[in-house]
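Sequences and hints are given; from them, build the entire structure.
For any residue, its number in the working numbering is found by taking its place in the sequence shown, counting from 1, and adding 14.
Keep in mind that the hints were calculated from the coordinates and are not lab data. Ideal placement from N, C-alpha and C gives every residue a C-beta, glycine not left out. Be a bit skeptical, because a hint or two may be false.
[Claimed, not checked] For each label pair, taking beta carbons as the anchor points, the in silico distance ranges come out as:
id, residue 1, residue 2, range
1, Pro190, Glu123, 16 to 24 Å
2, Pro180, Arg141, 35 to 43 Å
3, Arg33, Gly200, 33 to 41 Å
4, Gln26, Glu201, 19 to 27 Å
5, Thr162, Glu198, 36 to 44 Å
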Amino acid sequence: MKYDNITEREVQAAAEVLRGGGIILYPTDTVWGLGCDALNAEAVERIYALKRSENKKSMLVLCADADMVVRYVDKAPGIAFEVMDMSTTPLTAILPGARGVAANLIPEEGTLGVRIPDHDFCQRLLRRFGRPIVSTSANISGEEAPKTLAQTSREIIEGADYVIDPRCEGSATHRPSSIIAFGEGGEVKIIRQ
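Okay, here's the thing in structure tokens:
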């Protein structure tokens, strides 16, 4: 119960920071991530700057469920949802027809990277916040993704507006997700296993 109270307090605080355009440093089902409101272009830009990312439009979003996904991608083939549903490990789906999120999250091809996390803290935060949250590894571009808060660089920690209590970490794979790109016609391309 004590853990649950911590999680609930952290979910509430993180949702407030996201609503205010802030950046959170948080545990996910894979590695520690930086997140913000996926609809807030200024917050997205702050994450690119903090990561010193040259590769703009390379971040994914976390969604609570398929219903949330279809509000922000309108050309995803049904096979994408079947594959996401069957996956037993974290899977990021690159889906066509991105819409409604910050323009600086959408690459020229109009796709959006989406993951539905099997992670208590992330799911509770997504449900409380009610819309997609940016998720990108909490590292300077080119450096290794941190598996724990302790592995996260001081620069990243200080650049976040709110750092989630590591007791909310739960079970994580401590490795990046698999990535599969789906075409409108159901084409499938494995980007990272």
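Hint compliance check: list the failing hint numbers for this structure, sorted ascending.
2 and 4
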